[in-house]
Amino acid sequence: GAGVSQSPSNKVTEKGKDVELRCDPISGHTALYWYRQSLGQGLEFLIYFQGNSAPDKSGLPSDRFSAERTGGSVSTLTIQRTQQEDSAVYLCASSSIPGQGASPLHFGNGTRLTVT
Amino acid sequence: AQRVTQPEKLLSVFKGAPVELKCNYSYSGSPELFWYVQYSRQRLQLLLRHISRESIKGFTADLNKGETSFHLKKPFAQEEDSAMYYCALSGRGTNAGKSTFGDGTTLTVKP
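Protein chains in written order, with our numbering: chain A, 567 to 682; chain B, 26 to 136.
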C-alpha cells in the first residue's frame with residue numbers, strides 16, 4: 567500500500583515568509599510525528615499526535631512553529647516568519663495503534679526546506 | 026522519562042571487520058526497542074525490533090535489561106552498511122506514548 571507521503575519534497579523560501587508542509591500518513595495510522603533533521607545531525611522531535619488526545623508539542627522550537635491534524639489524518643506543519651536556521655529536512659512519520667505491543671514508525675521522504 | 030543514548034556519533038570500520046553500534050536506554054517499565062537505518066538519499070526505515078529476534082542484513086540486536094542496552098551488531102561489515110543508524114524506544118499498549126530516538130550513529134565502512 568501507499569506509504570507516508572510528504573509535500574512538497576523541496577521548498578525554497580525567503581526569510582520572513584510563512585511555509586506550510588504537508589504530511590499524508592498511512593491510512594488507519596493514529597499516531598503521527600514531525601521531526602526535523604539538519605545536515606549531518608540527528609532527529610529533532612517536534613510534535614506528536616495520537617488519536618484524539620492533545621498533541622505533544624514539547625519539541626516545537628518556538629512559537630513560530632505550529633502543527634495541526636485534521637480529521638485524524640492529514641497533518642500540516644506551519645512555520646511563520648521563517649529564519650535561515652529553520653533550513654532542514656522535515657520528516658513526518660506515522661504508526662498504527664500499538665495494541666499488545668509498540669508499532670514501528672513509517673517515515674516519509676521528507677521536505678527539504680531552504681530559507682534564503 | 027524515557028531516554029535513548031547513542032554514545033558514538035561517528036563510527037568507522039574496515040570492510041569485513043565486526044561492528045557494534047551502542048545504544049543505552051532508560052525507561053520505567055518494559056519498553057520495545059527498535060533500530061532504524063537511513064541510507065544515503067533514502068527514507069528512514071525500520072531495520073529491526075527486539076521482539077522479532079531476527080537478523081536483518083546480518084545485523085542482530087539483543088535487549089539486555091540488566092544493562093539497559095540494545096546494541097546493534099554485525100560480525101562482518103560491508104560497504105553497503107554505511108548509513109545513519111538510530112536506536113529508538115517505545116512503551117507498550119494504547120498508552121504507549123511517543124517513540125523516543127537517540128541522536129544517531131553514522132557508520133562508515135571503508136574498503
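Simulated from the structure, these hints should not be mistaken for lab results.
Errors might be hidden in some of the hints.
Residues from chain A that face chain B, not an exhaustive set, calculated with beta carbons under 10 Å [unchecked claim]:
no.	residue
1	G638
2	V640
3	A659
Restricting the straight-line Cα-Cα distance to at most 30 Å, the calculated cross-link-like pairs of lysine-lysine (BS3-like) are [as the list claims (entries may be wrong)]:
no.	chain 1	residue 1	chain 2	residue 2
4	B	K34	A	K577
5	A	K623	B	K34
6	B	K47	A	K623
A partial selection of chain B residues facing chain A, derived with a Cβ cut-off under 7 Å [claimed, not checked]:
no.	residue
7	Y52
8	G54
9	Y64
10	R66
11	K90
12	S124
13	D128
No residue lacks a Cβ here, since even glycine has one placed at the ideal position from N, Cα and C.
These are the hints, each one checked on the structure:
For A:G638, the suggested interface contact is broken, since its CB lies about 15 Å from the closest CB of chain B, more than 10 Å. With a cut of 10 Å, the hint placing A:V640 at the interface with chain B is violated, because the nearest CB-to-CB distance is about 19 Å. Residue-level restraint check for A:A659 holds (minimum Cβ-Cβ distance to chain B is 8 Å; threshold 10 Å). A threshold of 30 Å between alpha carbons decides the hint, and for B:K34 with A:K577 the separation of about 28 Å falls inside it, so the pair holds.
The suggested pairing of A:K623 with B:K34 holds, with an alpha-carbon distance near 26 Å, which does not exceed 30 Å. Proposed proximity of B:K47 and A:K623 is supported: the alpha carbons are some 29 Å apart, at most 30 Å. A distance limit of 7 Å between C-beta atoms decides the matter here; for B:Y52 the minimum to chain A is near 11 Å, and the interface restraint is violated. For B:G54, the interface hint is violated, the least distance from its beta-carbon to any beta-carbon of chain A being 11 Å, above 7 Å.
Against a cut-off of 7 Å between C-beta atoms, the interface hint on B:Y64 is violated, since the closest Cβ of chain A lies about 12 Å away. Nearest Cβ of chain A to the Cβ of B:R66: about 10 Å, over the 7 Å cut. The hint is violated. Interface hint at B:K90: violated, since its Cβ lies 16 Å from the closest Cβ of chain A, which is beyond the 7 Å cut-off. Taking 7 Å as the C-beta contact cut-off toward chain A, the hint placing B:S124 at the interface holds, the least distance being around 6 Å.
Because the closest C-beta pair between B:D128 and chain A is about 4 Å apart, less than 7 Å, the hint holds.
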